[in-house]
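Chemist: Each chain, written out:
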Amino acid sequence: MTALVANLRNAVAALTFVALATSSYPVAAQQPTSVDPTASAVSEQLLLQQFKAIQGRGSIPDTKSYTIEQPAGRDWRHFHEVTLRWIGGAAILGILVVLVIFYLARGMVRIESGRSGHTIVRFNAAERFMHWMTATCFVILALSGLNITFGRPLLLPLMSPEAFTAWSQWAKYAHNYLSFPFTIGVISIFFMWIAGNIPNRLDIEWLRRGGGMVGPDHPPAYRFNAGQKVIYWIVVLGGSAIAVSGYLLIFPFYGTDIQTMQSAEMAHGIIAMLFIAAMLGHIYIGTIGMEGAFEAMGQGTVDINWAKAHHNLWFEEVRTRSEPHLAQQQPAATPGE
Amino acid sequence: MARMKFLCDADRCIECNACVTACKNENQVPWGINRRRVVTINDGKPGERSVSMACMHCTDAPCQAVCPVNAFYTTADGVVLHSKDICIGCGYCFYACPFGAPQYPRVGNFGSRGKMDKCTYCAGGPEPDGSMAEYEKYGANRLAEGKLPLCAEMCSTKSLLAGDGEIIAEIYKERVAKRGYGSGAWGWRTAYRETVTS
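Residue numbers (the working numbering), protein chains in the order written: chain A, 1 to 337; chain B, 1 to 198.
The set of hints was computed from the structure by calculation and includes no laboratory data. Misleading hints may appear alongside valid ones.
As the list claims (entries may be wrong) - Within a straight-line C-alpha distance of at most 16 Å, the following computed EDC-like cross-link-like pairs (lysine to aspartate or glutamate) qualify:
hint, chain 1, residue 1, chain 2, residue 2
1, B, Lys158, B, Glu134
2, B, Lys115, A, Glu162
3, B, Lys158, B, Asp11
4, B, Lys147, B, Asp77
5, B, Lys115, B, Glu134
6, B, Lys24, A, Asp62
7, B, Lys84, A, Glu162
8, B, Lys24, B, Glu153
9, B, Lys178, B, Asp11
Extracted from the complex, chain B is given alone in its bound form:
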């Protein structure tokens, strides 16, 4: 079984934000929630880099570990999903997540956050694959249709890679070897306890 991961080649990201838009559209993400976002580090200074970040679908995911009601599960593909029927909106996954992935539909005073929402790797939720119930709660289930997450699929510079971790790491290594530089696989050390070195 493949171990699905994301890899953002920051040397290629042009901060067009198309991944953000594609995600919002494909998954009908509610107002105020961005499952994916692009952040520019050292903006306007020499060496600035833009990184597209969403849930990294961590190995031994912290959100899953701290959830008091066990709302999370990791699929055979290594995708970290959650059940909105089980979630109580306590906010603990948001404290634990290194990437700020879990978000809530409301601000959350008096614990009224609502059900947590995050990137599903375009793999839906616990409901039957492709069902309307699944689509309404979690958005598209492209993985079940044999497709990769839309954010990576439509990335114009192929900066954002999605797919089997070993394959996308190999692609990135080749790029780094060919062009002679690479600012690293952002978030990999934190998410997967490994990094891609060429």
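In isolation and in its complexed conformation, chain A is listed as follows:
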């Protein structure tokens, strides 16, 4: 009995469906005959003109994969392959050529009055430790970074691909992990030497006279002259910028997307190349460019005659602090300066 009722119900339902379908047919016939399903379809060209990347909805957990196309990668590639190599090559080779010419023309800048044999402390142990920690990290970071930009055209042809990969892998890890002591070094340098590196009126005079390297004599200076202040601010500002852009790359997708990472890489590369060029100049003056300069950061002490010539006002300060009874005699002792 129940089976019969169920069958009847199905039959009625089927008949109703057929009736509905046939009655609605004339309505469908009144629709336009040619339908263009692409009339409102999204177009790749239009989307690319509107946005930097085409994005949609996906069904896998990786939301990065919802970006279907981002042609900006082509521009970034051009930067990485061409622009950065030109900037780096020009900056680094340029500064090297300038330094060689300068050395041939001027030679090592001597201590004019010779060495006195007496020394005073210029940088204490903590200062030297911070300097050399930052410097060591910088050299390794610079070489491992240059390997990413120039290694493939310059170094890879000289070794097997496996050896180059092994070296690049180590260089990459060194680059990533030494960034931390480097950043600590930059922050320490900022606080350690900020007192002596605020620009003042003396710096204008110093720059006008070309400092002790270019000019004929040493203009008056306190603990740091204008040239050293420039290096200080390059390290502090350049080091900060390079640290920030680098950490964006070391922690991918923390508040960044591909476009911001591309920009961060570009900033990181350009600043790094200019930073390396500036530090080559710094290394030159600190070693073969100037007599008596290296020992300031080497042993921490400088010859009194060097201090008098290069940083006369700082020398007076130190002397006044350590031997107050000499302070009165000083103006009479060096009337010529």
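Since the structure of chain A is provided, determine the placement of chain B on it from the hints.
Modeler: Only chain B this time, still in chain A's reference frame:
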């Protein structure tokens, strides 16, 4: 020699994601990596289209150009492959790729991404064709067996086409001419500097 390409006819894609699944299975792709994915643009709005996207095996591939260790190579068929033994996991190919193809097994803090993985056009890697070493690193090498990538081979609506670029472009053109519309060969202008017009 054929120049292998992919072409996704977005007017036919029904977003079934079978290409994604087939790829994962055929190549034993690790967790978290999808060499192919389907993305729906303008989802739920008039004119929405789904596109199946993977590595497009670009002409003059950007990943190959920016790789600092030269891990990539392009085969005679125009397939862009890479060596996981050479890759250092720096992430540069991922910055350069217009299609988000290169992926890494790990998130990548402190540069610990691991070796890059991407679509191989079911053509394996530098190891001998069909070897176990090749299969473990890159998955199947169907091309060496005379077969096309599985994603395109099993596409139920034949939306995803793989094969010689000229032939699949011709098939697409015929379709567009017959049905009277086509939303274009997605990614072709970016990948191959050309497009398919009917």
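Chemist: Could you tell me which of the numbered hints above are not met by this structure, giving the numbers in increasing order?
Modeler: 1
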